[in-house]
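Student: Taken in order, these protein sequences are the chains called A and B. Everything in the first sequence is counted per the working numbering, starting at 1 for the first residue and increasing by one. Everything in the second sequence is counted per the working numbering, starting at 1 for the first residue and increasing by one.
Keep in mind the hints are simulated off the structure, nothing from the lab. In this text, a Cβ means the ideal position worked out from N, Cα and C, and glycines have one as well. A hint or two may mislead.
To be verified - Quick list of in silico lysine-lysine cross-link-like pairs, BS3-like style, CA-CA up to 27 angstroms:
{"id": "1", "chain 1": "A", "residue 1": "LYS73", "chain 2": "B", "residue 2": "LYS186"}
{"id": "2", "chain 1": "B", "residue 1": "LYS296", "chain 2": "B", "residue 2": "LYS242"}
{"id": "3", "chain 1": "A", "residue 1": "LYS266", "chain 2": "B", "residue 2": "LYS242"}
{"id": "4", "chain 1": "A", "residue 1": "LYS259", "chain 2": "B", "residue 2": "LYS266"}
{"id": "5", "chain 1": "A", "residue 1": "LYS242", "chain 2": "A", "residue 2": "LYS259"}
{"id": "6", "chain 1": "B", "residue 1": "LYS242", "chain 2": "A", "residue 2": "LYS242"}
{"id": "7", "chain 1": "B", "residue 1": "LYS73", "chain 2": "A", "residue 2": "LYS186"}
{"id": "8", "chain 1": "A", "residue 1": "LYS235", "chain 2": "B", "residue 2": "LYS259"}
{"id": "9", "chain 1": "B", "residue 1": "LYS235", "chain 2": "B", "residue 2": "LYS247"}
{"id": "10", "chain 1": "A", "residue 1": "LYS186", "chain 2": "B", "residue 2": "LYS180"}
{"id": "11", "chain 1": "B", "residue 1": "LYS235", "chain 2": "A", "residue 2": "LYS242"}
{"id": "12", "chain 1": "B", "residue 1": "LYS235", "chain 2": "A", "residue 2": "LYS247"}
{"id": "13", "chain 1": "B", "residue 1": "LYS235", "chain 2": "A", "residue 2": "LYS235"}
{"id": "14", "chain 1": "A", "residue 1": "LYS242", "chain 2": "B", "residue 2": "LYS247"}
{"id": "15", "chain 1": "A", "residue 1": "LYS259", "chain 2": "B", "residue 2": "LYS247"}
{"id": "16", "chain 1": "B", "residue 1": "LYS296", "chain 2": "A", "residue 2": "LYS247"}
{"id": "17", "chain 1": "B", "residue 1": "LYS259", "chain 2": "A", "residue 2": "LYS247"}
{"id": "18", "chain 1": "A", "residue 1": "LYS180", "chain 2": "B", "residue 2": "LYS235"}
{"id": "19", "chain 1": "A", "residue 1": "LYS266", "chain 2": "B", "residue 2": "LYS235"}
{"id": "20", "chain 1": "A", "residue 1": "LYS235", "chain 2": "B", "residue 2": "LYS247"}
{"id": "21", "chain 1": "A", "residue 1": "LYS235", "chain 2": "B", "residue 2": "LYS242"}
{"id": "22", "chain 1": "B", "residue 1": "LYS87", "chain 2": "B", "residue 2": "LYS49"}
{"id": "23", "chain 1": "B", "residue 1": "LYS266", "chain 2": "A", "residue 2": "LYS247"}
{"id": "24", "chain 1": "A", "residue 1": "LYS163", "chain 2": "A", "residue 2": "LYS266"}
{"id": "25", "chain 1": "A", "residue 1": "LYS235", "chain 2": "B", "residue 2": "LYS266"}
{"id": "26", "chain 1": "B", "residue 1": "LYS247", "chain 2": "A", "residue 2": "LYS266"}
{"id": "27", "chain 1": "B", "residue 1": "LYS242", "chain 2": "A", "residue 2": "LYS259"}
{"id": "28", "chain 1": "B", "residue 1": "LYS322", "chain 2": "B", "residue 2": "LYS186"}
{"id": "29", "chain 1": "B", "residue 1": "LYS247", "chain 2": "A", "residue 2": "LYS247"}
{"id": "30", "chain 1": "A", "residue 1": "LYS168", "chain 2": "A", "residue 2": "LYS310"}
To be verified - Chain A is faced by these chain B residues, among others (derived, beta-carbon under 7 angstroms):
{"id": "31", "residue": "ASP141"}
{"id": "32", "residue": "GLU177"}
{"id": "33", "residue": "GLU183"}
{"id": "34", "residue": "PHE221"}
{"id": "35", "residue": "GLY229"}
{"id": "36", "residue": "SER236"}
{"id": "37", "residue": "VAL244"}
{"id": "38", "residue": "LEU245"}
{"id": "39", "residue": "ILE250"}
{"id": "40", "residue": "LEU257"}
Okay, here's what each chain looks like letter by letter:
Number of protein chains: 2
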Amino acid sequence: MGGDYAPGVVIEGLTLALEAYPEYDYVLVGHEEKIRFYLDKYGLADNPKISIVHAASVCEMSDPSTISLRQKKDSSITACARLLKSKQVDAMVTPGHTGATVAATKVILRSLPGVDRPALAACMPAQEGRFLLVDAGANPDCTPLNLLQFAIMGGIYAEYLLKIKSPKIGLLSVGGEDSKGSELTKETFKRMGELPINFAGNVEADSVFEGAANVLVSDGFAGNVLLKGAEGLAKSTIHWLKLVLSKNAIRLIGASLAKNAFRELKAFGSADEIGGAPLLGVNGIVIIGHGSSNPKAVLNAIRVAGDCVKFGLNDMIVERIKAAGVEFGAESAG
Amino acid sequence: MGGDYAPGVVIEGLTLALEAYPEYDYVLVGHEEKIRFYLDKYGLADNPKISIVHAASVCEMSDPSTISLRQKKDSSITACARLLKSKQVDAMVTPGHTGATVAATKVILRSLPGVDRPALAACMPAQEGRFLLVDAGANPDCTPLNLLQFAIMGGIYAEYLLKIKSPKIGLLSVGGEDSKGSELTKETFKRMGELPINFAGNVEADSVFEGAANVLVSDGFAGNVLLKGAEGLAKSTIHWLKLVLSKNAIRLIGASLAKNAFRELKAFGSADEIGGAPLLGVNGIVIIGHGSSNPKAVLNAIRVAGDCVKFGLNDMIVERIKAAGVEFGAESAG
Numbered sequence: 001m002g003g004d005y006a007p008g009v010v011i012e013g014l015t016l017a018l019e020a021y022p023e024y025d026y027v028l029v030g031h032e033e034k035i036r037f038y039l040d041k042y043g044l045a046d047n048p049k050i051s052i053v054h055a056a057s058v059c060e061m062s063d064p065s066t067i068s069l070r071q072k073k074d075s076s077i078t079a080c081a082r083l084l085k086s087k088q089v090d091a092m093v094t095p096g097h098t099g100a101t102v103a104a105t106k107v108i109l110r111s112l113p114g115v116d117r118p119a120l121a122a123c124m125p126a127q128e129g130r131f132l133l134v135d136a137g138a139n140p141d142c143t144p145l146n147l148l149q150f151a152i153m154g155g156i157y158a159e160y161l162l163k164i165k166s167p168k169i170g171l172l173s174v175g176g177e178d179s180k181g182s183e184l185t186k187e188t189f190k191r192m193g194e195l196p197i198n199f200a201g202n203v204e205a206d207s208v209f210e211g212a213a214n215v216l217v218s219d220g221f222a223g224n225v226l227l228k229g230a231e232g233l234a235k236s237t238i239h240w241l242k243l244v245l246s247k248n249a250i251r252l253i254g255a256s257l258a259k260n261a262f263r264e265l266k267a268f269g270s271a272d273e274i275g276g277a278p279l280l281g282v283n284g285i286v287i288i289g290h291g292s293s294n295p296k297a298v299l300n301a302i303r304v305a306g307d308c309v310k311f312g313l314n315d316m317i318v319e320r321i322k323a324a325g326v327e328f329g330a331e332s333a334g
Numbered sequence: 001m002g003g004d005y006a007p008g009v010v011i012e013g014l015t016l017a018l019e020a021y022p023e024y025d026y027v028l029v030g031h032e033e034k035i036r037f038y039l040d041k042y043g044l045a046d047n048p049k050i051s052i053v054h055a056a057s058v059c060e061m062s063d064p065s066t067i068s069l070r071q072k073k074d075s076s077i078t079a080c081a082r083l084l085k086s087k088q089v090d091a092m093v094t095p096g097h098t099g100a101t102v103a104a105t106k107v108i109l110r111s112l113p114g115v116d117r118p119a120l121a122a123c124m125p126a127q128e129g130r131f132l133l134v135d136a137g138a139n140p141d142c143t144p145l146n147l148l149q150f151a152i153m154g155g156i157y158a159e160y161l162l163k164i165k166s167p168k169i170g171l172l173s174v175g176g177e178d179s180k181g182s183e184l185t186k187e188t189f190k191r192m193g194e195l196p197i198n199f200a201g202n203v204e205a206d207s208v209f210e211g212a213a214n215v216l217v218s219d220g221f222a223g224n225v226l227l228k229g230a231e232g233l234a235k236s237t238i239h240w241l242k243l244v245l246s247k248n249a250i251r252l253i254g255a256s257l258a259k260n261a262f263r264e265l266k267a268f269g270s271a272d273e274i275g276g277a278p279l280l281g282v283n284g285i286v287i288i289g290h291g292s293s294n295p296k297a298v299l300n301a302i303r304v305a306g307d308c309v310k311f312g313l314n315d316m317i318v319e320r321i322k323a324a325g326v327e328f329g330a331e332s333a334g
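Using the sequences and the accompanying hints, generate a full structural model.
Tutor: So, in structure tokens, the structure goes:
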């Protein structure tokens, strides 16, 4: 129900998913009447693959993150998380409110054994391919242990879901030198070198777009600044591009000849091609799409969710975090 | 001597400055022989406005930040800071090593009375005009007091140097809501509302490019991530633009018709138009240019330095920080 164009866009995405992944069963969680309206519209009213679980309220994009746990306990996000908790579904996908989803799933599903804090993993464009940013915003304040766990979880995701062999894992910092950074990154740097990962050292925010790392580890504050800053600058670049291209007739003709190029340029950074950010480390598969997701983005988010289940992502996370000796609780237990 | 094209580019910039600001005297600090070579080249060998102070070594861009204080105590940056300390010059301008300049000037010049930590202020492009980011990277770890001082210093700079009446001052955070953010921003938010400034509240990294604030206050870690991330994405966007425009002949013709538009697009984000980031709060006027500065950027940095001296920037900083009751030491003194 969440997101800018729900539930229509979700159900349009579902029509694509039914073709691409006919082996899955789909549970639509939200306002039953509204959902039925769109199922009718897309000729899916009697599809045996689809069932509905009613949820009365919706976390609007303007609501605070805690809404799903306080005023709107009957929201589609909380209902969805409860279905996942009781194992009635294997994964949940939402193009809705990121903060509300993180808050609800952390409380209802809890973290995986050994994981201190779940982290949002966002796929961002690099000059060649993409890189995975962990944490993109779930945890504004982090400890070195959190970051070590993000590195391991991100590494597994990059290896199995993004199919990158021995992914390079970098630590977002403010200087390439080992000795630079904040207290948090300096302490993390020391310990990250001892992990069984392909550690690429400190990485500055400019070099990630040139492919300095496949996985970029960060606290959720700086990570969110990088993600949102890139989104904002991309939007403004389109604004400036239109401005300079419309200054005279010759430029306008040039722009019109090259218009497909601009469409492709937009697609480079488009979240729709990726289709959703996994919340890594939560006890259940949770994929959060962009609020402005289109049907293709919904399809891609469903693909990612299915792959995470198939690869047994969460079992691998628990196993590797334990093997690396960075499970939560182990430190205090000596 | 620092920067990618020094000292040639500095002396070419100086030829522009001599015309624009004939009332200033210019002291060139660096390797005397090399400087003389370029002065000869540009016909400035006997110019009475120019003098030279020899410094044997140079902080290379690849050197660590502490180099100016340890191995290269005779560098042009340290020599320059000492001239400023002894009041033989009124301001220093360098297109050199940012980290080394920050380290050297902090130690040699120290902070202004009442200022805890000097901060780097970077001018960044917004859809309309620009915004000032403070701190862009001098202090990876900050306290709320640091951020309150950055807000006041940035506000003065925006008002007098950027000529913005009652500048909107925003706090970089990870959610628009007052209650969101890190421990640092939440504590800062509470106290920033009490300052005699036009506080615009929390600002997310995407909305700054749309002009949400004239001054964006941040710790130096997140600030540097925003600055470097924007630089890196801008570079990659040019890369992608070239890629999509060169895919077929029609697009190439279109691109060639619109080529001046692309030049203008590049200029939007160019540091050369701005000419240098002031290090606010240090006891002396210090303007740090980009390592890749061109002559125009050098001229602009000289203009900024001159304006800071004329407006009595540092006296105003000391005064207003005291008046706002956020001077360093006042808290512990009760």
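Student: Hint by hint, note whether the structure agrees.
Tutor: Here is what the structure says about each hint:
Distance restraint check for A:LYS73 and B:LYS186: the Cα-Cα separation of roughly 26 angstroms lies within the 27 angstroms cut-off, and the hinted pair is therefore satisfied. The straight-line distance between the Cα atoms of B:LYS296 and B:LYS242 is roughly 26 angstroms, inside the 27 angstroms bound, and the hint therefore holds. In summary, the hint linking A:LYS266 to B:LYS242 is supported, as the alpha carbons are separated by about 13 angstroms, within the 27 angstroms threshold. This hinted pair checks out: A:LYS259 and B:LYS266 have alpha carbons roughly 19 angstroms apart, not beyond 27 angstroms.
At most 27 angstroms may separate the alpha-carbon atoms for a hinted pair to count; A:LYS242 and A:LYS259 meet this at roughly 11 angstroms. A hinted pair counts as satisfied when its Cα atoms are at most 27 angstroms apart, and B:LYS242 with A:LYS242 qualifies at roughly 17 angstroms. For the proposed pair B:LYS73 and A:LYS186, the alpha carbon gap of about 26 angstroms is at most 27 angstroms, so the pair holds. Pair hint A:LYS235 plus B:LYS259 holds up; C-alpha atoms about 21 angstroms apart against a cutoff of 27 angstroms.
At most 27 angstroms may separate the alpha-carbon atoms for a hinted pair to count; B:LYS235 and B:LYS247 meet this at roughly 19 angstroms. Restraint check for A:LYS186 and B:LYS180: satisfied, since their Cα atoms lie roughly 26 angstroms apart, inside the 27 angstroms limit. A distance of roughly 18 angstroms separates the Cα atoms of B:LYS235 and A:LYS242; the hinted pair therefore holds under the 27 angstroms criterion. Distance restraint check for B:LYS235 and A:LYS247: the Cα-Cα separation of roughly 23 angstroms lies within the 27 angstroms cut-off, and the hinted pair is therefore satisfied.
Proposed proximity of B:LYS235 and A:LYS235 is supported: the alpha carbons are some 15 angstroms apart, at most 27 angstroms. Of the pairs offered as hints, the one joining A:LYS242 and B:LYS247 holds, with about 21 angstroms between alpha carbons and a cut-off of 27 angstroms not exceeded. Proposed proximity of A:LYS259 and B:LYS247 is supported: the alpha carbons are some 12 angstroms apart, at most 27 angstroms. The hinted pair formed by B:LYS296 and A:LYS247 meets the criterion: a straight-line CA distance of about 25 angstroms does not exceed 27 angstroms.
The suggested pairing of B:LYS259 with A:LYS247 holds, with an alpha-carbon distance near 12 angstroms, which does not exceed 27 angstroms. Note on A:LYS180 and B:LYS235: the hinted pairing holds, with a Cα-Cα distance of about 24 angstroms set against a maximum of 27 angstroms. Taking the CA atoms of A:LYS266 and B:LYS235, the gap is about 15 angstroms. The hint holds against a cut of 27 angstroms. Proposed proximity of A:LYS235 and B:LYS247 is supported: the alpha carbons are some 23 angstroms apart, at most 27 angstroms.
Taken as a hint, the A:LYS235 and B:LYS242 pair is honoured in the structure, with Cα atoms around 18 angstroms apart against an allowance of 27 angstroms. Pair hint B:LYS87 plus B:LYS49 holds up; C-alpha atoms about 18 angstroms apart against a cutoff of 27 angstroms. Using a Cα cut-off of 27 angstroms, the hinted pair B:LYS266 and A:LYS247 holds, with the two alpha carbons roughly 15 angstroms apart. Between A:LYS163 and A:LYS266, the direct Cα distance comes to roughly 24 angstroms. Compliance with the 27 angstroms bound is thereby established for this hinted pair.
Note on A:LYS235 and B:LYS266: the hinted pairing holds, with a Cα-Cα distance of about 15 angstroms set against a maximum of 27 angstroms. For the given pair, B:LYS247 sits about 15 angstroms from A:LYS266 by alpha-carbon distance, which is consistent with the 27 angstroms threshold. Proximity of B:LYS242 to A:LYS259 is assessed by CA-CA distance (about 13 angstroms); at most 27 angstroms being required, the pair is judged to hold. As the CA atoms of B:LYS322 and B:LYS186 are separated by approximately 23 angstroms, the hinted pair is consistent with the 27 angstroms bound.
The hinted pair formed by B:LYS247 and A:LYS247 meets the criterion: a straight-line CA distance of about 25 angstroms does not exceed 27 angstroms. Between A:LYS168 and A:LYS310 the alpha-carbon distance is near 24 angstroms, which keeps this suggested pair within the 27 angstroms criterion. Evaluation of the B:ASP141 hint against chain A yields a held restraint, the C-beta minimum of about 5 angstroms falling below 7 angstroms. At a threshold of 7 angstroms, the smallest CB-CB gap from B:GLU177 to chain A is about 5 angstroms, leaving the interface hint in force.
The interface hint given for B:GLU183 holds, since its Cβ lies 5 angstroms from the closest Cβ of chain A, which is under the 7 angstroms cut-off. For B:PHE221, the shortest C-beta to C-beta distance to chain A is roughly 5 angstroms, which falls under 7 angstroms, so the interface hint holds. A least Cβ separation of about 4 angstroms between B:GLY229 and chain A falls short of the 7 angstroms threshold, and the interface hint therefore holds. A hinted interface residue such as B:SER236 counts as satisfied when its beta carbon comes closer than 7 angstroms to some beta carbon of chain A; here the least separation is about 4 angstroms, so the hint holds.
Residue-level restraint check for B:VAL244 holds (minimum Cβ-Cβ distance to chain A is 4 angstroms; threshold 7 angstroms). Because the smallest distance between the Cβ of B:LEU245 and any Cβ of chain A comes to about 5 angstroms, under 7 angstroms, the interface hint for this residue holds. A hinted interface residue such as B:ILE250 counts as satisfied when its beta carbon comes closer than 7 angstroms to some beta carbon of chain A; here the least separation is about 5 angstroms, so the hint holds. Here the hint on B:LEU257 is kept, as its CB sits about 3 angstroms from the closest CB of chain A, short of 7 angstroms.
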